[in-house]
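> Sequence:
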Amino acid sequence: MAHALDTRRQQKERFLRAMHALQATSDRTLQVASPLLEHPRGLGLLTGPHLHQLAQQSQGLCVELDHVGHLLRFQQDRLLRRIPTPGGVRGLHCSVDGMLYLTFEEAPCIQILDLSGHSLHSLPCSLPGTGAFVSEDVTVTGSGLVLVSSLVHRAVYAFYHPSKASQGEWAKILTFESPRGLGVDALGRFLVADYVSGLVHSFSLGSSLKAIGLTTVPGLCGPRYVSNGPDGGFVVSEECGDVQLFGHAHQPLGSLGSRLEHPFGNPAGVCTDAQGNIIVVDEQRKEVTLFPRAGPPVRVVSKGLQRPTGVACASHGRLLVADNGDNCVKIFKYQM
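In the numbering used here, the protein residues as written are 1 to 336.
No lab work stands behind these hints: they were computed from the structure. Heads up, some of the hints might be wrong.
[Stated by the list, open to error] Pairs of lysine-lysine, BS3-like flavour, derived with a Cα cap of 30 Å:
#: 1; residue 1: K210; residue 2: K12
#: 2; residue 1: K303; residue 2: K286
#: 3; residue 1: K172; residue 2: K210
#: 4; residue 1: K286; residue 2: K333
The model shown is predicted, which means the values in this text are computed figures rather than measured ones.
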């Protein structure tokens, strides 16, 4: 233990010395250059090739320093807690007030827990005349409205209270060919990944739970999970494919795999944290990778997962991963 602490202290000292050396050298060069550059011939013996090389090297150094900054802010494989989920989880969502909503492989209900794993409430998934149904995914608005998707009924349902005395019931919002992942973007619009059709649908809800402003984004290959993205857009994972990015007006922005040359195995759950970092579960590679706004990806979970599927961000730099190979939700600390 003492040896590990001593090694860590030495590493911190080396890092600080390197940063101070860069800063001191940069300051000295600027102090020398600033008065000379005011002279018409102030470049001295510097030539175009020198300046081109300097620009390239400084750009590379800036990228590397950004990456160092990311590595300083994040940590890897720090497991805080396991929440047992017998039978496996289909979908999960963490609300802004820190409540965990789970849908299950076999159980026709939505289980609501705190992040210590204590059960708070359960919403049975049942429709008059047709009976119980298993939900594919779940999402929750800031006001607490719960939406689920059902592959069997090819529909998205919202749980609401028609009267103050009501225990609540499910109302069908829209029908789709094969609704799977659900999300809510920064503008409060609902997002639905329509797997077989290769579409993502977006809509808002009026006061009477009527869908308004339905739009569709085509051209996807087996969309599984969808989440809000940076700057008001959204991100969607494709079965055994890539993770596609879209802007606030649903314009395509390319994919994480092609933009960063990152090889995905089978991307599954996706989410975006408060800083705009996109986090992706890779079911095949059994890892979780964070994609910052700038710089290379950072693996925040590299071991200890059996069959990870869903993912959600929580407060205080925590990450929730549904691991169906281990029948639990694992909570990691990924920020320092």
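> Holds or violated: K210 and K12, Cα atoms, limit 30 Å.
57 Å, violated
> Next pair to validate is K303 with K286; report whether the Cα-Cα distance is within 30 Å.
7 Å, holds
> Please work out if K286 and K333 have their alpha carbons no farther apart than 30 Å.
Within the cut-off at roughly 17 Å; holds.
> CA of K172 to CA of K210, is that 30 Å or under?
Given that 30 Å is the threshold and the Cα spacing comes to 9 Å, the pair holds.
Of the numbered hints given earlier, the model fails hint 1 alone.
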